[in-house]
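Engineer: Chain by chain, the residues run as shown.
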Amino acid sequence: MRAIPVLVVLLLPFLSSAQITATGTVRDAANAPLSGATINLKNSTLATTTDEGGKFSLTIPGKAGMIEISFIGYSPQTFEVDDAHHNFSVTLVAAAGKLEEVVISGFATSIKRSNLANAIASVSGRELIGTITQPTVDGALYGKFTGANISANSGAPGGGISLKLRGITSIVANSQPLFIVDGVYFDNSSINAGLNLVSKAAGQGNNNFQDNPSNRVADLDPEDIDRVEILKGASAAAIYGSRAAGGVVIITTKRGIRGKPRIEIGESIGVQAQLRKLGQRSWDTAKVNSAFGAAGLGIYNANNGKTYNYEDELYGRKGLLNNTRLSVSGGNDVTTYYAGVTYRNDDGIVENTGYRKTSFRVNLDQKITKTLDFSITANYVESKADRGYFNNDNTSTTLGVSYVATPSWVNLYPDANGNYPNNPLAPSNFIQTRDLMTNRENVNRTLLGTIINWKLFSSDRHSLRLTGRGGIDYYTLSTTAIFPKELQFEKDGAGTNGASIFGTTLTRNSNINASAVYDFRPTPNLSFRTQAGMTAENTDQNTVVSTATQLIGTQTNVNQSGSIQVNQVRTIQKDRGFFAQEEVNFNDLVIATLGVRGDKSSRNGDANKLYYYPKASVAVNLQNLASWSLEQVNQLKVRAAYGEAGNFAPFGAIYTPLVPAIINGNTGSLIDLTRGNETLGPERQKEFEFGLDMSVLKNRLTFEGTYYIKKVEDLLLNVQVPTSSGFSLAWKNVAAIDNKGIELGVSAIPVTTRDLRWNLELRFWKNTAKVTRLDVPSFNLGVFGASLGTYRIQKGQSPTQLVGIADSQDVKDPESGLHTFGNAEPDFQSSLRSVLTWKNFGFTFLMHWKKGGDNINLTTLLSDIFGTSPDFDKTDLDPGKKLTNGNYRLSQLGASARPWIQDASYFRVREIGLTYRLPPDLIKGVSRIVVGVSGRNLINVFKYRSYDPEVSNFGTNAISSNVDVTPFPSAKSIYFNVSVAF
Amino acid sequence: MKKIINYSKNIFLLPIVAILMWTSCKVDVIDDPNNPGAGTISENASLSEIQNLVDGMESGMRDNLNSYFDGVGVIGREFYRYSTSDPRFTSDLLGKGNATLDSNTFYTTNPFASRYRVVKNTNILIKALQNTKATISEAERKAGIAYALTIQAYQLLMVFNQQYGNGIRVDVSDPERLGPFLSQDESLKAIQDSLNKADLDLNDNAARFPFTTSLYSNVADDFSKLNRAFAARVAIYRKDWAQANSALSESFFDINGDLTTGSYHLFSTAGGDQLNPQYFPQNSSGETRVVQPSFITDAQPGDTRVASKTSKRTATAFQDGLQSDYDFWVYQSNVAPIPLIRNEELILIYAEVKAQLGDVTNAKTAINVIRKAAGLPDYAGPTDLNSLIDEILDQRRYSLFGEGHRWIDMRRYDKLDQLPKDRPDDNVWTQFPRPANE
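So the protein sequences, as listed, match chains C and D. The opening position of the first sequence corresponds to residue 1 in my numbering, with each subsequent residue numbered one higher. The opening position of the second sequence corresponds to residue 1 in my numbering, with each subsequent residue numbered one higher.
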């Protein structure tokens with residue numbers, strides 16, 4: 001407040017002085033204009049960007065000044081501006097890394113990466129989809145930044161991806177990051193379709209649903225994205241408060257650039273195929289007899305030993321992929337616009353599966369006055385995913401289980417009249433199921449966001465800006481699961497005579513925030529940035545699932561049935577918060593930040609209690625020391641950051657409900673088995689990170705290293721309580737986990753000439769987690785019990801350790817009597833991205849190596865039980881070299897969990913692409929034509945004995961992922977791409 | 001100039017003021033959108049919500065009855081529970097070899113937890129009745145609370161029957177501060193006191209409950225007769241013969257009445273409802289209950305209760321060194337009701353009380369009512385107390401077969417050593433262990 005009188009004095013010269021306009025053109029080494037480069041008056045907030053032709057114009061107060069011209073991927077340059085020098089022709093030189101990129105530093109502010117004190121990762125739109133078109137954003141982030149463990153839950157079309165940042169964030173609560181798109185909180189729910197009615201996967205041994213739904217980030221079109229910033233832990237994400245413990249992924253979509261309309265048309269056509277074929281077991285009468293006895297032998301002999309290639313039948317489709325893209329952008333000095341349409345249609349590798357998405361986006365930026373501007377983003381998405389029917393079951397009805405339960409000599413094909421035979425050896429005929437059943441997700445989603453900026457005043461010493469943001473995320477998800485009554489497992493008393501399950505989820509999320517940013521520069525070398533604001537977020541999700549059984553004829557309407565059950569679940573949440581932050585920058589030498597967020601929420605036991613999340617950070621650019629003399633070192637920065645963030649308890653944990661209990665035709669209310677906790681607060685994460693960033697050889701070689709300690713405290717568990725209380729379980733904060741990790745990145749430009757440019761990025765990251773507090777006895781978590789391997793939460797051990805029963809030679813934990821066979825957490829991960837451009841050719845690849853990390857592979861177990869494992873007759877497992885693999889593994893069932901806990905290391909070339917840019921002016925009016933070919937997951941190296949080590953039967957579960965039970969197999973794909981710009 | 005500055009000054013204050021306003025504004029507390037909340041119902045329940053609580057209790061009273069009856073029935077050597085999926089019914093419960101009762105497994109924890117869950121519901125009902133703003137008379141309010149206390153006492157008695165010497169917690173209204181485990185005698189006395197206290201508001205109270213119950217009667221004064229029947233049972237457990245005598249006289253005891261008159265748990269095939277868990281079809285294999293053979297061999301010739309409560313199997317059922325030719329056939333359909341207490345038990349309580357009080361004539365009369373109903377001739381044995389008690393215990397064995405009494409009866413007369421052991425190393429347990437998480 002004391003600044004105000006000073007302001008008066010400082011405004012005087014500004015208002016009375018002259019002004020000068022700097023103009024010019026910015027080009028790259030190949031003399032191509034660079035649009036979107038930033039021109040910034042040093043030590044001020046005055047800035048502009050180059051237009052589509054690389055041209056700029058910036059009016060600056062006073063008679064002279066310094067301007068800096070910067071662009072991501074290039075070394076910045078500074079120029080003096082005065083009467084004599086105000087027209088510039090600038091050629092920027094490529095630099096490794098992203099020093100000049102601007103990244104988020106507060107709720108409404110950003111900072112140059114070179115001054116950043118956090119290891120905030122960023123992925124540009126080009127990195128995201130520049131090599132290959134991507135179905136989902138989270139999937140596209142694979143290997144492109146450090147500190148994440150990303151895993152596709154299966155290969156089912158339409159997504160379903162778990163994204164965990166910096167280790168384990170929670171045990172039972174949410175473990176996924178918060179997604180924010182252009183300021184709109186983006187819902188990322190996974191909603192079950194109710195398949196459990198038929199699969200009965202939950203309930204026997206594990207109560208979690210295993211429907212394998214997609215997660216709703218899938219709705220976002222990767223083609224629209226300009227930039228993704230990833231705040232991996234609390235030290236960077238504290239400003240997002242009680243939703244930020246899992247990290248925050250901030251997505252900015254493309255905006256228009258000043259200039260004449262620029263039209264881009266892109267077309268990618270491709271094909272996908274099963275990533276890894278396992279083959280089938282070969283049979284003879286002895287094997288048939290041993291596996292299926294006389295009954296099996298009868299079938300085998302009746303068919304003269306004929307076998308069918310069911311792996312090709314079920315997973316062998318070459319799915320056609322199509323991605324069509326049209327965007328238009330442009331604008332003038334006051335209005336810029338961007339509009340994009342994407343139509344995507346992917347056929348899955350299983351018949352009757354696939355993914356179709358249409359996305360339409362309009363982004364509009366409008367300057368109303370010199371000081372007031374606003375932008376509007378609007379996005380509509382319609383999608384349809386046919387996901388098949390896979391994963392675990394207890395009824396032998398999923399395609400995956402049925403496939404491994406059926407030997408290749410059983411004929412499952414329909415006769416000439418289309419009648420499917422019953423599977424004589426299993427409860428279901430997977431060809432019939434595949435052809436007749438439906439498991440579909442339909443989404444209609446609308447996102448609207450708006451941002452208003454008002455520069456109240458601005459001078460070379462002071463500026464004050466108000467920003468208001470609001471957003472609505474509204475969608476309808478319809479799930480349709482139809483199991484017609486003629487299916488083998490539905491007819492003749494086997495099932496429920498057909499099932500038709502219709503689910504509708506209405507989600508309406510809204511958020512609004514307002515912030516004020518005040519910049520103050522008492523001297524040219526010192527600047528203060530003060531910001532404060534408030535936030536509000538509302539969530540309302542309503543899911544109604546109608547389950548009809550005893551279907552009438554071939555009808556699927558839920559009323560055409562003998563029995564209907566309806567279930568409704570609602571989630572309502574209101575959050576209010578505020579934040580304040582102070583940044584100090586001394587001469588780009590020392591940059592320090594202090595901030596706090598206060599949050600209250602209806603999700604907490606006390607809805608009006610404010611929970612505070614502080615943060616603090618400091619970065620020191622040693623190269624800016626006056627005494628610095630090392631010319632070769634362009635940057636040497638040490639940085640440290642601390643922050644706290646929260647994570648809400650699972651919805652409902654604060655309530656002690658009365659649940660329905662029926663007697664004699666009346667429905668009563670009986671106290672629930674779980675006691676809610678009316679004093680429950682969020683789980684709290686405290687993260688400390690420090691790092692070193694270095695850049696040498698004219699920024700052609702950069703290094704970024706970070707070490708972090710992330711402590712997650714007050715972890716919630718549903719713990720057993722004395723049952724004389726009337727309850728069996730209660731929610732309590734009883735555990736803590738420490739994550740420690742290291743993240744390293746090296747970027748280099750080994751070669752840069754006018755014709756040839758080579759850019760390399762090498763990344764390495766590793767996390768180790770340990771349970772440091774556990775107020776309840778150690779317990780097994782998830783999966784299907786100790787005989788098949790399970791997670792175990794135990795003080796002093798990793799929360800992702802995999803334990804199981806073991807034979808007498810193995811070292812056992814004295815308390816549980818179980819041996820630790822492995823850990824789901826990788827030993828480390830590493831990725832290498834290479835971008836090579838030579839004349840008009842471009843060649844890019846992304847390799848990703850995950851070393852270590854174990855899976856519980858029960859696909860093998862089920863295959864062995866039914867004698868169908870492809871490696872059943874090999875003998876590379878038994879230490880005594882006597883038993884075949886199948887017999888060996890079966891001999892261990894009940895004796896040791898060893899055979900099912902398998903190393904899930906992999907190396908894969910995630911992306912590879914070759915492009916050719918046709919000579920310009922080939923066709924009049926066409927500014928650019930690029931053709932190319934690209935592939936995803938084309939090269940895979942792993943020893944893991946199933947379709948793909950990247951798998952999760954339990955979806956995005958916080959701990960118990962990495963379980964493989966006959967999933968939808970993953971695919972590899974290849975595309976041909978053409979893009980044309982006008 | 002000046003204008004601009006003032007303007008700026010005000011604007012600069014704006015966000016600070018806004019934050020202060022914002023943080024002071026309240027977030028609406030959102031009630032559970034998916035279920036009624038225990039808290040809100042306790043504070044101000046509507047009549048229909050009160051009815052829901054009663055229905056919830058009466059539904060919950062049936063939860064894990066199978067674990068309860070299998071526990072006391074197998075240990076009381078009335079029947080065997082065969083299960084292919086769980087060997088502990090024939091090992092732990094019968095004390096096979098070194099097997100003991102586990103303090104942390106289903107047969108111990110499930111019935112314990114389910115009974116206390118209903119107790120919790122009774123406490124919520126009591127609070128709801130105390131605080132409801134619905135229009136009910138004071139007599140109705142009192143009657144309703146007395147109903148809840150009666151059910152609560154009955155549930156605690158079932159917990160006590162298994163915990164016995166361990167004693168039980170009676171005061172469990174606050175989950176944060178659970179009352180102590182009372183001694184064996186204190187536990188039973190607390191149950192008796194609770195029944196007596198409830199009866200003060202039931203007896204001679206002509207009001208109807210502010211809800212309907214399926215358990216006996218909707219009129220307080222009538223429901224008192226069920227309360228007194230429970231009180232009589234508790235009194236003989238406490239060997240308080242005078243109290244038992246007076247309680248009987250106020251109960252629905254009728255020496256000439258229908259033996260099946262009483263209060264029952266109801267079952268139905270309606271969606272979401274429960275089936276009688278003690279029912280298995282005849283000649284089931286795998287999961288089944290078969291009669292302990294001595295029930296057949298010890299029976300007096302012509303006892304019709306044998307034929308009506310057992311069913312000869314087409315093939316002998318073997319498991320774990322045990323065998324039986326008879327299915328447990330007390331409940332002959334999956335919706336057969338299971339009694340809480342019925343007139344046949346009251347007549348036998350009457351006989352026991354009269355024998356204990358030296359009234360041989362009335363004791364014999366009652367015994368003979370039971371014998372006659374079973375197709376047996378009048379009792380002709382000695383009439384000393386021990387002989388009469390032996391005869392009454394024997395009649396209770398056959399009349400109340402499978403209803404959870406044999407083990408408790410033999411225990412209270414210190415005759416557990418007379419229960420048959422099927423395998424040389426078997427043991428007869430006196431009580432279940434206290435659940436581990438207590």
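Check each hint, because a few of them may be wrong.
[What the hints assert, rightly or not] As a list, the in silico DSS-like pairs of lysine-lysine whose alpha-carbon atoms are at most 25 Å apart: (1) Lys698(C) with Lys686(C); (2) Lys26(D) with Lys609(C); (3) Lys370(C) with Lys63(C); (4) Lys306(C) with Lys766(C); (5) Lys26(D) with Lys574(C); (6) Lys686(C) with Lys812(C).
[As the list claims (entries may be wrong)] Stretch by stretch, here's where chain D covers chain C in the computed footprint (C-beta under 8 Å, at least three residues): (7) 573-580; (8) 601-610.
Keep in mind the hints are simulated off the structure, nothing from the lab. Values in this document were obtained by computation on a predicted structure and should not be read as measured data. Think of the CB as a built atom: it goes at the ideal place given N, C-alpha and C, for glycine as much as any other residue.
Engineer: Next step is simple, just say for each hint if it's right about the structure.
Structural biologist: Outcome of the hint check:
1. Lys698(C) with Lys686(C): violated, 37 Å
2. Lys26(D) with Lys609(C): Measuring from Cα to Cα gives roughly 10 Å; hence the hint holds.
3. Lys370(C) with Lys63(C): holds, 21 Å
4. Lys306(C) with Lys766(C): violated, 50 Å
5. Lys26(D) with Lys574(C): Satisfied, since the Cα-Cα distance of roughly 10 Å is no more than 25 Å.
6. Lys686(C) with Lys812(C): This hinted pair is violated, its Cα atoms lying about 33 Å apart.
7. 573-580: With 6 residues closer than 8 Å to chain D, the stretch 573-580 of chain C meets the three-residue bar; holds.
8. 601-610: Per the Cβ count (5), the hint holds.
Hints 1, 4, 6, counting from the list given before, are not met by this structure.
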